[in-house]
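A.B. asks: The lines below spell out each chain.
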Amino acid sequence: MTTELWARLQFAFTVSFHYIFPPLSIGLGLILVIMEGLFIKTGKKMYEVMTKFWVKIFALTFAMGVATGIVMEFEFGTNWAVYSRFVGDIFGSALAAEGIFAFFLESGFLAILLFGWNKVSPRMHFFSTIMVSFGSMLSAVWIVVANSWQQTPAGYHLVTSDGVTRAEITDFREMVFNPSSVERISHVLGGAFLAGAFLVISVSAYYLVKNRHKEIAGSGLKIGLVMALFASLFQLFTGHSSATGVAENQPTKLAAMEAVYDSSAAADLYAFGWVDEENKTVHGLPIPGLLSFLVHGDSKAPIKGLDAFPKDVHPPVQLTFQTYHLMVAIGFALIAIALVSLFLFRGGRVYNAKGWLKLLVVAVLLPQISNQVGWYTAEIGRQPWIVYGMLKTSEAFSKTVTSGHIVFSLVLFAIIYASLFLVFIYLLDKKIKNGPEDETPPADVYSEQRLTV
Amino acid sequence: MEFSFDLNTIWFILIGVLLAVYGVLDGFDLGVGALHLLTKSDEHRRLQINSIGPVWDGNEVWLVTGGGALFAAFPDVYATAFSGFYIPFMLLLFMLIFRAVSIEVRSKHESTRWRNNWDRAFSISSILIAILIGVAIGNVTLGVPIDQNKQFFGNLLSMLNPYSLLIGVTALAIFMMHGAIYLVMKTEGVLQKIAKSWVNNTIIFFVVSYVSATMATLIYIPHMVEPFRAHPEFFALALLNMLAIANIPREISHGREFRAFLSSSAAILSLMALFAIGLFPNFLISSINPAYSLNIYNAASSERTLGIMLTMAAVGIPFVLAYTFGIYRVFRGKVRLDKMSY
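In the order they appear, the protein sequences are chains A and B. So that you can map any letter, position 426 of the first sequence is 426 in this note's numbering, and since no number is skipped, the others follow by simple counting. To convert a position in the second sequence, counted from 1, into this note's numbering, add 453.
Do not take every clue at face value.
Unchecked claim - Facing chain B, from chain A, some residues (calculated, C-beta under 10 Å):
1. PHE13
2. VAL66
3. VAL71
4. ARG85
5. VAL87
6. ASP89
7. ILE100
8. VAL120
9. ARG166
10. SER403
11. ILE406
12. LEU412
13. PHE413
14. LYS431
15. GLY435
No lab work stands behind these hints, which were simulated from the structure alone. Backbone N, C-alpha and C fix where the C-beta goes; we use that ideal spot for every residue, glycine too.
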């Protein structure tokens with residue numbers, strides 16, 4: 001394996017692992033705002049107990065996000081030195097903005113959120129929770145701005161001095177609001193809300209299956225489901241506008257997402273399929289002309305296919321196609337799950353639907369998977385470029401770092417992250433099993449009626 | 454080089470300030486970590502961890518933002534240093550991960566074995582981070598073999614040279630002293646008495662290593678001494694550093710812990726200032742050819758970006774300072790354990 005591949009593998013591994021946690025923090029952060037808001041508004045003890053329980057889970061995901069996030073901040077320099085020199089003027093600014101505007105805000109107010117219950121007034125505490133949530137979203141905004149610039153560069157010019165070319169900012173606003181920023185930020189945030197919502201749904205459903213903490217679990221389930229419904233529908237729109245943006249700005253990526261090889265004809269959209277890269281066809285279930293319709297509003301309009309581009313700028317088609325389709329399929333499944341569950345809430349049937357509740361327990365994995373494969377689509381679909389149309393991934397890695405060094409660090413990352421993951425799951429499981437500290441009577445005192453909504 | 458107060462110089466100073474504040478803030482919590490295993494009871498150890506509980510994470514953000522600012526303002530320095538110091542940086546990252554996780558999970562399980570193991574992870578990672586920071590400063594002071602393509606690769610063994618190790622030990626010593634003073638400030642009773650004894654020992658530890666490090670620098674690293682020969686007024690900083698250190702035992706014996714803490718903070722800041730003055734206008738000095746050194750001009754981003762970033766800093770930093778002060782105020786006073794503690 002070449003140094004380039006090792007560097008890519010290490011980046012993919014560390015960023016994938018990291019990306020388990022920030023979406024959870026962003027989603028849970030917003031849910032904490034809702035829960036604590038309900039507590040401030042109603043004064044009900046239940047909401048306080050609920051908030052404090054989820055704050056503990058939040059603290060765990062946040063700590064994991066911070067620990068694995070520092071790695072990302074420095075890995076551009078350690079493994080992608082050529083890239084760092086090329087984009088520092090632009091990408092670095094967005095990263096620095098993330099530090100100045102988001103990280104300080106999050107970590108500062110996090111102290112009050114976690115440890116300030118008896119030190120500040122309830123309103124001040126609520127304000128801190130809002131700031132932590134706001135900070136976590138802001139952090140996503142800046143890092144996705146930086147990544148979007150790599151996808152659809154804007155507001156820059158190329159400058160060559162001493163034989164080295166790099167990109168420099170010409171217009172900061174244009175750089176920040178590059179053609180894909182807004183859609184991609186919304187889509188990433190939507191994915192994060194789903195991750196948080198489904199964690200709350202899953203844990204609440206687990207308690208209902210076990211007949212524990214019924215009041216808190218029922219209420220948590222409802223909050224989670226309402227948020228999941230909104231977020232999953234939101235993803236339909238942001239997903240659609242992201243895809244039309246890709247069609248316009250990154251035609252090779254769109255062509256790979258639906259394996260379009262022929263530029264002359266209308267393009268189908270596949271519900272699922274397997275790409276035969278050799279014969280440039282897809283075996284699967286096509287919906288005729290739908291891709292053309294979604295992109296151009298006309299089912300007969302042709303879509304620019306891979307045949308319009310030289311082979312050396314084609315992304316890996318199969319991988320892009322499969323990750324993209326998996327993300328979309330899960331997206332629709334999440335809408336269905338949220339709708340059915342909310343429907344079951346009518347008359348309180350959901351409390352007795354143990355089978356369905358068990359499905360909700362495991363459904364926590366779905367947004368995690370779709371967040372991961374969604375990013376794979378975005379990043380693999382951009383290949384062979386690291387900065388679209390400007391710098392190839394194969395030129396961007398650190399020349400002084402050898403394969404051996406990367407293997408050394410990658411092995412250590414693998415060992416450390418695997419053990420971290422075990423610790424995380426162990427503690428999460430322990431916290432969930434311990435449950436919220438409600439001083440209410442045991443569950444059997446409650447009748448099903450009192451809990452129906 | 455002629456001194457002119459331009460954007461490049463301002464960003465050299467600003468990054469210096471970010472990293473110096475990191476040294477002052479994370480310095481005390483690394484110090485608390487380094488001292489952690491010296492007490493044995495679970496209650497004392499929990500008090501130690503919770504004394505830094507609400508703030509260690511925010512303190513680390515100064516390093517992250519310093520790194521981000523270096524990337525944005527001097528991308529060549531970021532790229533050259535991080536890829537060149539690959540192995541030490543990876544070790545630093547692993548230690549930072551261990552440390553964050555051990556603080557977070559240490560008290561979440563009652564088992565003594567679990568807690569002892571995470572206590573060890575917390576303390577050893579704190580010690581190694583402090584030493585690695587010093588070793589990095591040592592190697593930057595010595596210079597590294599940067600070639601005409603702005604690249605070098607330093608293997609681990611050559612980086613663990615005696616001079617850099619001495620700086621590493623000095624960094625550990627000053628952080629331990631700083632952490633001990635912080636603990637005196639945040640604790641009471643038996644633990645405070647123990648922490649006070651640490652202050653005296655760590656001061657001796659620091660002064661011995663600082664004097665040796667200074668002698669080594671004066672003898673072996675002439676380029677660091679040059680700016681002070683040209684501008685003798687900078688010697689005031691070295692003097693300030695010594696006065697600050699000498700002031701610490703006085704304040705502690707009068708029970709003015711906060712002033713002692715300010716003194717050790719001043720000591721860290723003045724050391725960072727000495728280092729920055731010795732280095733200016735370079736970031737990384739080439740040991741092959743001085744012309745290959747990375748300085749504030751040949752390694753910088755465009756003028757426009759430096760300007761945009763300065764605007765961002767001017768907007769953002771006042772907020773950062775405001776809530777950093779606010780949060781330290783909320784958590785002022787002695788640390789106590791409650792249900793939400795670590």
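A.B. asks: Out of the numbered hints, which ones does the structure contradict?
C.D. replies: 1, 10, 15
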